[in-house]
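Colleague: One-letter residues, chain by chain:
2 protein chains.
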Amino acid sequence: MSPDISCGLEYLITPDLQACLTEALHCNYSFIVTPVVHPRFRRPYVSSVSTVGGFTRSDMILSPQDWTSRIVAKISPYICVDSMSPVVRQRHEDCLNEELSYCRGLGVPAIMLPLRSSNTNNLARILQTYNETSHHPSLIWASVPMVSTRIAQRNNQDVEESEEAWNETWHWWSKFHERLDWDKRVGVVLELSADLPAQEILKRWLGEPVKAIIVPTSIFHNNKKGYPVLSRAHQQLVINMVEHEAQVIVSGARRSNIEYYVQYLFRMWQRRPYKADDPMLSYAKGWEDYLQTPLQPLADNLDTHTYNVFEKDPVKYDQYQKAITQALIDIRQKRQVKDNDQIVNELCVIMVLGAGRGPLVRATLNAADITQTKVKVIAVEKNPCAVLVLAAQAREVWRDRDVIVIPGDMRQINLSPKADIIVSELLGSWGDNELSPECLDGAAGLLKVDGISIPNEYNSYVAPISSARLWAAAKAASSNSAQQRDKNLETLWVVYMQNKHDIAETKLVFTFKHPAKGTRDHEGKEVTDYRGLPLTDNRRSAIVSWVVKQDNVMHGFGGYFDCSLYGKEMISIVPSTHSPGMISWFPVFIPIKTPLRVHKGEVITATFWRCVNSRRVWYEWIVEVGNCTTPLHNPNGRSSEMLL
Amino acid sequence: MSPDISCGLEYLITPDLQACLTEALHCNYSFIVTPVVHPRFRRPYVSSVSTVGGFTRSDMILSPQDWTSRIVAKISPYICVDSMSPVVRQRHEDCLNEELSYCRGLGVPAIMLPLRSSNTNNLARILQTYNETSHHPSLIWASVPMVSTRIAQRNNQDVEESEEAWNETWHWWSKFHERLDWDKRVGVVLELSADLPAQEILKRWLGEPVKAIIVPTSIFHNNKKGYPVLSRAHQQLVINMVEHEAQVIVSGARRSNIEYYVQYLFRMWQRRPYKADDPMLSYAKGWEDYLQTPLQPLADNLDTHTYNVFEKDPVKYDQYQKAITQALIDIRQKRQVKDNDQIVNELCVIMVLGAGRGPLVRATLNAADITQTKVKVIAVEKNPCAVLVLAAQAREVWRDRDVIVIPGDMRQINLSPKADIIVSELLGSWGDNELSPECLDGAAGLLKVDGISIPNEYNSYVAPISSARLWAAAKAASSNSAQQRDKNLETLWVVYMQNKHDIAETKLVFTFKHPAKGTRDHEGKEVTDYRGLPLTDNRRSAIVSWVVKQDNVMHGFGGYFDCSLYGKEMISIVPSTHSPGMISWFPVFIPIKTPLRVHKGEVITATFWRCVNSRRVWYEWIVEVGNCTTPLHNPNGRSSEMLL
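So the protein lines, in turn, are chains A and B.
Following my numbering, the numbering of the first sequence begins with 1 at its first residue and continues without gaps.
Following my numbering, the numbering of the second sequence begins with 1 at its first residue and continues without gaps.
By construction, these hints were calculated from the structure, which means they are not laboratory data.
Ideal placement from N, C-alpha and C gives every residue a C-beta, glycine not left out.
Please note that a few of the clues may not be correct.
Below, simulated SDA-like cross-link-like pairs (lysine to any residue); rule was C-alpha separation at most 20 angstroms, straight line [claimed, not checked]:
id, chain 1, residue 1, chain 2, residue 2
1, A, K549, B, N627
2, A, K312, A, G286
3, A, K517, B, Q90
4, B, K175, A, Q90
5, A, K593, B, T629
6, B, K513, A, K549
7, A, K517, B, P86
8, A, K507, B, P86
9, A, K487, B, N131
10, B, K593, B, N627
11, A, K312, A, Q393
12, B, K487, A, Q484
13, A, K513, B, P86
14, A, K475, B, K487
15, B, K593, A, Q484
16, B, K487, A, T129
17, B, K175, B, P273
18, A, K175, B, T630
19, A, K593, B, K175
20, B, K376, B, V387
21, B, K525, A, V88
22, B, K525, A, V87
23, A, K175, B, N627
24, B, K517, A, Q90
25, B, K475, A, T630
26, A, K593, B, E178
27, A, K600, B, P86
28, B, K525, A, Q90
29, A, K475, B, T594
Derived Cβ-Cβ restraints for the label pairs, each shown as a range [unchecked claim]:
id, chain 1, residue 1, chain 2, residue 2, range
30, B, L281, A, T293, 39 to 45 angstroms
31, B, S69, A, T293, 27 to 33 angstroms
32, A, G524, B, Y78, 18 to 24 angstroms
33, B, A299, A, D195, 58 to 64 angstroms
34, B, I13, A, N627, 48 to 54 angstroms
35, A, L139, B, Y78, 56 to 62 angstroms
36, A, H599, B, G524, 43 to 49 angstroms
37, A, K184, B, Q236, 53 to 59 angstroms
38, A, D409, B, Y78, 38 to 44 angstroms
39, A, G524, B, R232, 56 to 62 angstroms
40, A, N627, B, Q199, 22 to 28 angstroms
The following block holds chain A by itself, in its conformation from the complex (with noise of 0.2 angstroms):
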């Protein structure tokens, strides 16, 4: 048995709870879904009045154990909290809070109940109190099908055909789930429909947090033995499912032994196509959806741990070692140009500008032995325990080469000579947000004239995403204050993004060039400042609009960045152009504050700025959609900052 997928069996009524439990435990079902009320209790008509007896069952019948990790509790379905008559609204809420008292009790993991419609904002305000007012809320299952067939006969249409079908449960989940503020204790349940719609409706639920999906007996058919198997189609959909961490509950008629359709998923899991090789699949296992606040290695020296991490990535040091080989090679053949031995054989000096502990530096030798180069390298680091560990290998395992440790910051040392090329990696995932501009246009006047940065640019993107549970988890994340929460969703966070859903396609924010052009003045002349570098201007503001291509919720956007070190040498983090392998930067995710629901044809105006003054370095963002616009998000950097 696979321990990665977990089934459970509903059954429609339970009159008795523990024969059904024990028949599910005995064909390997983990857990079942059953009503709450028994089906031989008539609930009185007025609930205030006590009646003795209750309205189900005696808790009694299975010990606590069970209860609290086998049992997914199903509200009474013709529970109608948002009928349209008062009278009825107050009567079903009784019924629907004595049930959810009775769930309370028995400390069940999930209560389960049927969206109907959109219409569900009391519904949403009782489960609201009920969490509000419980210490241990069980998590809520909200269950949709996946098409409302209603919509498609209202329509005349197929079902297959008919788009507005299949988004229609899809809202009824997600304005449910926004009524409960994206709680990420409430989920969805899914049940698979015989007819599938179109990948990009079945891409928008794998950003939803899917909990559970039903798999109804029906969809099952029997193959030449006589074994339920699901179509191609569907043993892809619940492979899917399942790799997002949804469960599966099987539903349903028992058109074959109950026992088979479990075989049949466990064996299903494990036969599931084989994935390519990709390290970051193993080493990002575990931090999916975990948010970590940004690295800031200019106000913070890292450690021992972090740099092990990071030097270990099988692909980017890889790529500096071809770009500054290039670079060697084209500078060698300049000099040869001007035809002049003396300069051809001249040493290169290359300074590797926050060195840590040394990759960039073996990038280099490397780079030189294979070039045949002569080359000095100056290594600058301003971590007092990074220059430790430089020094020692420049004393013991460069000892041949011409390497010299610099302790200081690259900002504020002056050497001679100027490098011919100056490499660097101080890039964050999103590009400049760790400084990188700062530092290099700080450390401009070690390059010369004509020498080459690498990298030489790089380039920040974004793409508005969907994500609850991201952006549940980033209000929630350090602490529980209001004040927290505003800071929170303020701010960027690195993350491994799994459940989440792209509303749009990536595109370009900011773009930094080193070496950097100066401020021009109204002559047409470059500004320089007291020591003759150019005066740059390293803030930005950046307008990018998307068109939305169907329905959907922005919780905040995926950020990415991609650099070009040298000639055609590049590395990435953007999605469609991710150097493979490369482990090194997880995205960021940038929430908005109000996530704003957006409609199929709208257009989503993002604004960005690049705030910088004398001691810091700030993001601002707005977001807007047709009537609907978010605050100014982090103004004057309130809540998130990079020092510099």
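Go by the hints and put chain B onto chain A.
Modeller: Just chain B now, kept in the frame of chain A:
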């Protein structure tokens, strides 16, 4: 000179600022509007390069007192920080910051800047930072014309007929104000046009925080004697605006002696149409838009001052007296039908529940005198201080009458004989919000089976309103902590609302009747509690919808009540049926946490819940418009409640 109108004079350039100010003050203007930048000073192209001399005049030319009270500083009109060009954006940003920080240094009371489109994201962002980084930021006055002639021209329409052209500039202002989170330090300056729009559009402006109106000299015409005068429509508009605390700025070419304009405005204001002698106007003076927490007379005992105020109402007790009179007449008539002298002449028992210091006892005794009925009046009161006053009056003033004072909570006492009539005045500004239903249902056992309750019915109402001022005041009330802000926007505020605009008509929410009918069981029988009293359910939920008549921003609701005392005798604070001269209640403002932008033709749907448990009563509410929705307000009464 009237102290109620403040006029300023706008100068397009002020080469000699002191001379300009002297001239304006000499002509009886109170302040001048002047550009920040002196025309002689040329701004360096790159602002970060320090230049000797700076970009404008020294601040030594005026006294600090003149700077802080007589000068409205205008930002250079060419500054456009929302240009499409990133280079222009950044350069103009530098200029704007320079001018803002100069204004900050001078301490001018207000900074005026023009809005030219609804694209003001960057402008608003910079001003937000200015506000957050200033200890005493100047007020921001955003100036807009009343009409966008550009839009009218584009549409090939006469300005007067182009609804879009009149809406346009309101949108500029409204989106800008939204971007600044409806900050109360940010107001609008409205430049009057020669043509005027429909009344609805003018009314919408009256709901905005109009700090000043600019009256161009070009819209004055000369009367027979050659003095400048305004048309009747313009006069009315100026008067309305000044009544809403706007100042008046005269601007433009001097077609007449500049002194004549201000003289005309003063005279016009003094001769403005006389308002009917409404006691509310004098009573509410000074309370305009001032938020108060609703009373909780059930949980807290009222103080003498409060009784004093309420007893002075010139209308309310008259209405009660008429209602009691009519009830006594009807009781006698009913008894006469039974044709039994003994019954006809039987004592009529009238209980005043919550008698306070006795105004309803007096009304009852008066009604008895008028109808020549023998009455026994029982005054029930739980507030010990008020009981003292009642007892003293019973001894001294009412010593010849049959008046008994019973100290105690009407919900807990038991009296015999039972009452023919119970009279109470337990209503709050939103009807049931001081728990009248719970009190009267609790006292139901005191009333004869066919007895009369005065009042016998009351209804609460709401209308969606726009009022940035009330919303900002609610948000800021009590505290600056984010937690408190949340609470403040989840509670009802009693307030004499002035600076607001009704988005749609006033509609019914909840109804309560007395004596109340009890809940019925499934056999249709009334359910009773252990005392044999009907078991009532004072929970309510109501869904109310409105169609939006013109583009607007909804900040919350105005809340009102009306009440049927007996027969045709009513009291009401619903604007359309307000009891003339009744001063006992201001309306309530019910805020929403996220103001909603609403467009003509859209439907606003609000759901209100009145929730009850054994200890307390509270309201919850939600509003939906198109795709936008507010969160649920006050779930589980977390922010506001009324204690039982």
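Colleague: Evaluate each hint against the coordinates.
Modeller: Here is how each hint holds up against the structure:
1. Pair hint K549(A) plus N627(B) holds up; C-alpha atoms about 17 angstroms apart against a cutoff of 20 angstroms.
2. The straight-line distance between the Cα atoms of K312(A) and G286(A) is roughly 18 angstroms, inside the 20 angstroms bound, and the hint therefore holds.
3. Restraint check for K517(A) and Q90(B): the C-alpha separation of about 16 angstroms stays at or below 20 angstroms, so the hint holds.
4. Taking the CA atoms of K175(B) and Q90(A), the gap is near 40 angstroms; set against the 20 angstroms cutoff, the hint is violated.
5. Taking the CA atoms of K593(A) and T629(B), the gap is about 14 angstroms. The hint holds against a cut of 20 angstroms.
6. Of the supplied pair hints, the one linking K513(B) and K549(A) is violated, its CA atoms being roughly 52 angstroms apart against a limit of 20 angstroms.
7. About 16 angstroms separates the Cα atoms of K517(A) and P86(B), which keeps this hinted pair within 20 angstroms; it holds.
8. Between K507(A) and P86(B) the CA atoms are separated by roughly 17 angstroms; this keeps the pair inside 20 angstroms, and the hint holds.
9. Taken as a hint, the K487(A) and N131(B) pair is honoured in the structure, with Cα atoms around 19 angstroms apart against an allowance of 20 angstroms.
10. For the hint linking K593(B) to N627(B), the alpha-carbon distance of about 16 angstroms falls within 20 angstroms, and the restraint holds.
11. For the hint pairing K312(A) with Q393(A), the CA-to-CA distance comes to about 18 angstroms; that is within 20 angstroms, so the pair holds.
12. For the suggested pair K487(B) and Q484(A), the alpha carbons sit about 16 angstroms apart, so the restraint of at most 20 angstroms is met.
13. In summary, the hint linking K513(A) to P86(B) is supported, as the alpha carbons are separated by about 16 angstroms, within the 20 angstroms threshold.
14. Using a Cα cut-off of 20 angstroms, the hinted pair K475(A) and K487(B) holds, with the two alpha carbons roughly 19 angstroms apart.
15. Restraint check for K593(B) and Q484(A): satisfied, since their Cα atoms lie roughly 18 angstroms apart, inside the 20 angstroms limit.
16. Straight-line distance between C-alpha atoms of K487(B) and T129(A) comes to about 16 angstroms, which keeps the hinted pair within the 20 angstroms bound.
17. For the given pair, K175(B) sits about 35 angstroms from P273(B) by alpha-carbon distance, which is inconsistent with the 20 angstroms threshold.
18. Annotation: proposed proximity of K175(A) to T630(B) holds, straight-line Cα distance about 12 angstroms (limit 20 angstroms).
19. A threshold of 20 angstroms between alpha carbons decides the hint, and for K593(A) with K175(B) the separation of about 18 angstroms falls inside it, so the pair holds.
20. For the suggested pair K376(B) and V387(B), the alpha carbons sit about 18 angstroms apart, so the restraint of at most 20 angstroms is met.
21. Only pairs whose Cα atoms come within 20 angstroms are accepted, and K525(B) paired with V88(A) is accepted, the gap being roughly 18 angstroms.
22. With a C-alpha separation of about 16 angstroms, the suggested pairing of K525(B) with V87(A) holds against the 20 angstroms cut-off.
23. Simply put, K175(A) and N627(B) have alpha-carbon atoms about 10 angstroms apart, close enough for the 20 angstroms limit, and the pair holds.
24. Distance hint between K517(B) and Q90(A) is fulfilled; the C-alpha atoms sit about 16 angstroms from each other, no more than 20 angstroms.
25. Pair hint K475(B) plus T630(A) holds up; C-alpha atoms about 18 angstroms apart against a cutoff of 20 angstroms.
26. A hinted pair counts as satisfied when its Cα atoms are at most 20 angstroms apart, and K593(A) with E178(B) qualifies at roughly 15 angstroms.
27. Of the pairs offered as hints, the one joining K600(A) and P86(B) is violated, with about 30 angstroms between alpha carbons and a cut-off of 20 angstroms exceeded.
28. Of the supplied pair hints, the one linking K525(B) and Q90(A) holds, its CA atoms being roughly 18 angstroms apart against a limit of 20 angstroms.
29. About 18 angstroms separates the Cα atoms of K475(A) and T594(B), which keeps this hinted pair within 20 angstroms; it holds.
30. Roughly 58 angstroms separates the CB atoms of L281(B) and T293(A), a value that falls outside the hinted 39 to 45 angstroms.
31. Checked against the given bound of 27 to 33 angstroms, the beta carbons of S69(B) and T293(A), roughly 48 angstroms apart, lie outside it.
32. Remark: the range hint 18 to 24 angstroms for G524(A) to Y78(B) is upheld by a beta-carbon distance near 21 angstroms.
33. Between A299(B) and D195(A), the C-beta spacing of about 59 angstroms keeps the proposed range 58 to 64 angstroms intact.
34. The supplied range of 48 to 54 angstroms is broken by I13(B) and N627(A), whose beta-carbon atoms lie about 40 angstroms from each other.
35. A C-beta distance of roughly 59 angstroms is found between L139(A) and Y78(B), which places it inside the suggested range of 56 to 62 angstroms.
36. For the pair H599(A) and G524(B), the beta carbons lie near 48 angstroms from each other, so the given range of 43 to 49 angstroms is met.
37. Between K184(A) and Q236(B) the beta carbon distance is about 57 angstroms. The supplied range of 53 to 59 angstroms therefore holds.
38. Roughly 41 angstroms separates the CB atoms of D409(A) and Y78(B), a value that falls within the hinted 38 to 44 angstroms.
39. Checked against the hint of 56 to 62 angstroms, the pair G524(A) and R232(B) passes, with Cβ atoms roughly 59 angstroms apart.
40. At roughly 25 angstroms, the beta-carbon separation of N627(A) and Q199(B) lies within the given 22 to 28 angstroms, and the hint holds.
Comparing the model with each earlier hint shows violations of hints 4, 6, 17, 27, 30, 31 and 34; every other hint is respected.
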